[in-house]
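J.: Here is how the chains run, residue by residue.
Number of protein chains: 4
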Amino acid sequence: MSFNTFGHVFRVTTWGESHGPALGATVDGCPPGIALDAGTIQPWLDRRRPGQNRYTTQRREPDAVEILSGVYEGRTTGTPIQLMIRNTDQRSKDYGDIADSFRPGHADLTYFQKYGLRDPRGGGRSSARETAARVAAGGVARAVLADLVPALQVTGYMVQMGPHRIDRSRFDGAEIARNPFWCPDQVAADAWAEELDAMRKAGNSVGAVIEVVAQGVPAGLGAPVYAKLDAELAGAMMSINAVKGVEIGAGFEAAALTGEQNADEISMGTDGPVYGSNHAGGVLGGISTGQDLVLRLAVKPTSSILTPRASITRAGAPVDLITKGRHDPCVGIRAVPVAEAMMVCVLLDHLLLHRAQCGAGLLGQIGGTG
Amino acid sequence: MSFNTFGHVFRVTTWGESHGPALGATVDGCPPGIALDAGTIQPWLDRRRPGQNRYTTQRREPDAVEILSGVYEGRTTGTPIQLMIRNTDQRSKDYGDIADSFRPGHADLTYFQKYGLRDPRGGGRSSARETAARVAAGGVARAVLADLVPALQVTGYMVQMGPHRIDRSRFDGAEIARNPFWCPDQVAADAWAEELDAMRKAGNSVGAVIEVVAQGVPAGLGAPVYAKLDAELAGAMMSINAVKGVEIGAGFEAAALTGEQNADEISMGTDGPVYGSNHAGGVLGGISTGQDLVLRLAVKPTSSILTPRASITRAGAPVDLITKGRHDPCVGIRAVPVAEAMMVCVLLDHLLLHRAQCGAGLLGQIGGTG
Amino acid sequence: MSFNTFGHVFRVTTWGESHGPALGATVDGCPPGIALDAGTIQPWLDRRRPGQNRYTTQRREPDAVEILSGVYEGRTTGTPIQLMIRNTDQRSKDYGDIADSFRPGHADLTYFQKYGLRDPRGGGRSSARETAARVAAGGVARAVLADLVPALQVTGYMVQMGPHRIDRSRFDGAEIARNPFWCPDQVAADAWAEELDAMRKAGNSVGAVIEVVAQGVPAGLGAPVYAKLDAELAGAMMSINAVKGVEIGAGFEAAALTGEQNADEISMGTDGPVYGSNHAGGVLGGISTGQDLVLRLAVKPTSSILTPRASITRAGAPVDLITKGRHDPCVGIRAVPVAEAMMVCVLLDHLLLHRAQCGAGLLGQIGGTG
Amino acid sequence: MSFNTFGHVFRVTTWGESHGPALGATVDGCPPGIALDAGTIQPWLDRRRPGQNRYTTQRREPDAVEILSGVYEGRTTGTPIQLMIRNTDQRSKDYGDIADSFRPGHADLTYFQKYGLRDPRGGGRSSARETAARVAAGGVARAVLADLVPALQVTGYMVQMGPHRIDRSRFDGAEIARNPFWCPDQVAADAWAEELDAMRKAGNSVGAVIEVVAQGVPAGLGAPVYAKLDAELAGAMMSINAVKGVEIGAGFEAAALTGEQNADEISMGTDGPVYGSNHAGGVLGGISTGQDLVLRLAVKPTSSILTPRASITRAGAPVDLITKGRHDPCVGIRAVPVAEAMMVCVLLDHLLLHRAQCGAGLLGQIGGTG
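From first to last, the protein sequence lines are chains A, B, C and D.
In case it helps, our numbering puts the first sequence at residues 18 to 387.
In case it helps, our numbering puts the second sequence at residues 18 to 387.
In case it helps, our numbering puts the third sequence at residues 18 to 387.
In case it helps, our numbering puts the fourth sequence at residues 18 to 387.
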């Protein structure tokens, strides 16, 4: 990952600011011959789009993706795919009063210090709006994966909002799409709705923990030791706005386990090795095991709140800041499709990287001749 | 990060297996004119070296680093620095019985599946021994940082062993070097010693949580949005053997906070902005704030234990495995200098990357003309 | 250089096809605070624009560049700069008859073989139209260089058209902009005009040799040994459509010289070392000497000609092809601004790379203490 | 290519100076399961080794390669392969008198200016001795290619020494290995021997032109537009010491051709497309055509000569320099195996890159359904 590009072979470069004319992603290294048009990508953007319910920012824009290159007669050509999303609802005046002061918890001050200037309109490049481009790129990656590994499925959902966790015994995958929180526990979702209404009214915000699971990941993905699958996923997730922690499998809980408890025992199944548990979260030595890939990320509460917070102006004078405008009481909600998008991009990239070095498929077969 | 290389400008490529003739690191892009010899690097390796007390593997070797290139008359020349550490205590027979079966929790099976063959001697490339090369490279990075940013200090320590956390009210930095656990809490260290003795005797192991703090980091480091400083640190830490989670600042706790609680308020100090708290952990929008950079990583318990665990052979037959040999009851201990090394390498790399794009120092001055 | 991206720190990714809705360049890693708007870049595009005289393709479009991101209030922000050029004159019918056959000398067949499909409209991605995006990116690089190294000047011109070379004794830099061939020799230019008129009428084409000179290049640029300045320039130039050869300084003539003849003797000038000659072309050991950087590239004759040439269809059947449409009798003409653009991008990238590793300026001063 | 690394997937990092303890190459991304030991690589090093006849430097060392990692039981494991060659004949005194002055035509001055210091022993990193590491890496690439594309053959030879070219009508491939000049024309070889004897006695030197041909290259290799196969080859060749020019196919001659002459007509053969000529040199649009890949490089005369040349000292004082020591009257001779090595590395890298994006083999079949 380098500046605004990530990926080794399937390389995504995003560009654009919150309130410029457009933003987008340049996707390079995409396999050719994959069926793709704007309609393939749009549904993923729609899932992330703000303004769909009262829990996300009321900025309203269609986030319609246009494909400017790399596709001919409905198929990818192997050349760069330019995905552009026009910004249509840029109310710059919402942000005008903060052009010369720095919102606590935002990147305002660090961008200014680093670059000597910044685009203050909506946070400029540091806005969560940049993640729309990731989701668009993820839509391309999903189309390729659907072709190369049809069984692979990536699903994200919230497992904690503020201090409230789901009850795993009530986990119901079908519930995820039925509530505005991508919450697999209906009871929790109802409680969260109340909590978030209160937060919204108070002009306050809460954090969240998101879990992303990839099922059907082939064993063998990952390029040890610095492009380990889990290392790349951790970097990819931590690059998402507001993310402050990432864990794989048992994660931080693993610290409290003994080696005896933590060992995922192995037996022989009909289609290959089978694991008795999944503390590893689907990765050993940086390489996928073929088990479910399980990852969680912690999202901090939105920094844009209505409570005044102390800060300084560009001249160094003290100022109390309230961030008006259209904001999310829990950015974790919209981070769910973004985290999914990052995971599909990383998985596809490693699938291609694996076939570069090792060819298609696994080289070592259990019970075989190796 | 790509295969066995990490870094953009200060680039480290490590090579070597646990039981081959040697392992090492090729360090490229190092600034020239920096005072460096083996004696500069060796102390850092000595801190990681196993066999120094009863809590780490009894493998005994000097881990003496040799500089094969890139240094002339005691100064770096700007050309690649080859750091080689010979393996002198390779008791291959210790591992002979597991050449055809796969230890649970190890990379044995995934390496075999991916590559079709593996070096089973001591885990080959997936051995924690690879981290010696990282520590050597970190020694080079420290020498450069001492020259470029003398005030910068990176310190790692354990804050949790198994389920037992330190009491932060007893935190004493001077204590860290006085016990075998890099523990800043003397009371906890004593308790951990007992706990670990018991684990060692039982042939079991425990996990740990490590905190790494960088003080004196200049504001402005980080290359948004995919080479954000925290994203790169997360990837770097997750690439360390046995690490299952990484968090920055408030980390997973941030999920439970409100926006009001989480906001680090800003005021103007004599030397620039001052923050009222550090939930951000020293990074905002992927760029360092100048506050302490605070990061934690979760290390799983050593997978090599004496309790038999179910697994399979290469032929697919069931087998109960005990991992004899010389192992660490808590690999978290030796992960401390490794995590420090990764942090210094990432910080130096971003310091160089910053001066590439923005020149030396900060472009935006508070109270100045920007 | 990787797929559609080149550069280490100043990174350019181009995208787009000849007949899609638009093409462009994503410029990442640009230093912040540089004055830039579309008007800064447009003049460079205008120099490359076709249809300006009878010697270049009659495709007529304004090639107007739009800046979609990375610039705020007329200054670069350090974030990705998206440069978009809409395609407005896409007469796809011109190319319809060649969708199922492969033009000799073009990339039609190799793209089809590699990717399994291709965008046949105007050559798709392999069209020389892609070079407009390079020129736009070069405009950004020029703006940065004007700020960082005002004395640096890059000038390209043709020194040979078909078999006809200029007479160096008539070399007049002021002449370059006065004729349609960027020819510094007025007598040659007149002769070339006749020659090219004949070629155009015959539906034939000719090749060319272009020389690009950079004056005022600071000594010290280049990152040996695989990112040597001359190696990177060679790769950059060879990536331009139709280029078949690159040479630096004495180039292929150097093969015929003796060591005695080829040695550029050194003496001490008032501002540093002075060289008695420049067979090296401004680069020694992959690092700029501070002399003029002199490079030549050979451009093959346009493959699109009116003479029928034997080829095959996608079904494998023989076919005689005439490439109708709007084409250049000598693509070398339009390659001049493209080669300049590649050189400015490479030089800027190496300037930034140098200050990453070594800081601003030269570390070794002659007559100093080193 | 970046600093001391080249390649995308098959990545080679070389390290080491002429007179340090050792030099070598770290080869990463190598496919696993390939038969490899030192004996596989040594023959290629032996071909480059100096001191084998009176036309190359009399430095005598075995250049014995040791494999320190990445190979287990005679097969590559997919982990980094460390290739080390010890320097055994470092007569530093030969060079002592030039530590404070700068040899014309060498990198002495530019290294000093860039880095502020340099290793003067034998030219340090800028010595042609670095190319031994390339040849070792090339030996690994050859072993992989022999497995993946057995029909592929890469052959280099000299076609010009000083001003004397071979007569192509006398071309005899079998002759190449029979004379010390890798010359395919026996008559020319005899003349060159006389010429070079005279040069050697006069303490002078000559340049050369080398041609490298790859036969059996699969169509479809190359990653347009900035990692075009020819662009990457040009960069790779230009990175070799003393190379001043590179051309593909007709090269600089193409400039003098008309489009009609230059077009390589296509017909359908039994195994796919067949070309009537090969002005393209096996590459169209940056992608291999399946024809012979034909490339030439110009090597300047050795700069180390016995004739005194004017230069300056580090203090800026004038000095007349004679470069004593052991040198090659025509470094072009030893550049032949080096150029071959660079070509095999680039070809393998692109083979892996192609299968990453497009899978194994060609996606588009002529006469098929595409």
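If you are wondering where the hints come from, they were derived from the structure by calculation, not from laboratory data.
As the structure is a computational prediction, the values presented were derived from the model and not from experiment.
Do not take every clue at face value.
Pairs count within a copy or across copies, as identical chains cannot be separated in the list.
[As the list claims (entries may be wrong)] Cut-off 20 Å, straight-line C-alpha distance, at most; resulting in silico cross-link-like pairs (EDC-like, lysine to aspartate or glutamate):
no., residue 1, residue 2
1, 341, 189
2, 341, 277
3, 341, 282
4, 218, 277
5, 218, 309
6, 341, 106
7, 341, 184
8, 218, 106
J.: For each hint, tell me whether it holds in the structure or not.
T.: Going down the list of hints, with the structure as the test:
1. 341 - 189: neither (37 Å within a copy, 43 Å between copies)
2. 341 - 277: Result: close only across copies, 14 Å inter versus 52 Å intra.
3. 341 - 282: Classified as between: cross-chain Cα gap 17 Å, same-chain 53 Å, threshold 20 Å.
4. 218 - 277: Classified as between: cross-chain Cα gap 14 Å, same-chain 48 Å, threshold 20 Å.
5. 218 - 309: neither (39 Å within a copy, 34 Å between copies)
6. 341 - 106: For residue 341 and residue 106, the Cα distance is within 20 Å only inside one copy (16 Å; across copies 46 Å).
7. 341 - 184: neither (35 Å within a copy, 40 Å between copies)
8. 218 - 106: Classified as neither; 24 Å inside a copy, 54 Å across copies.
Hints 1, 5, 7 and 8 from the earlier list are contradicted by this structure; the remaining hints agree with it.
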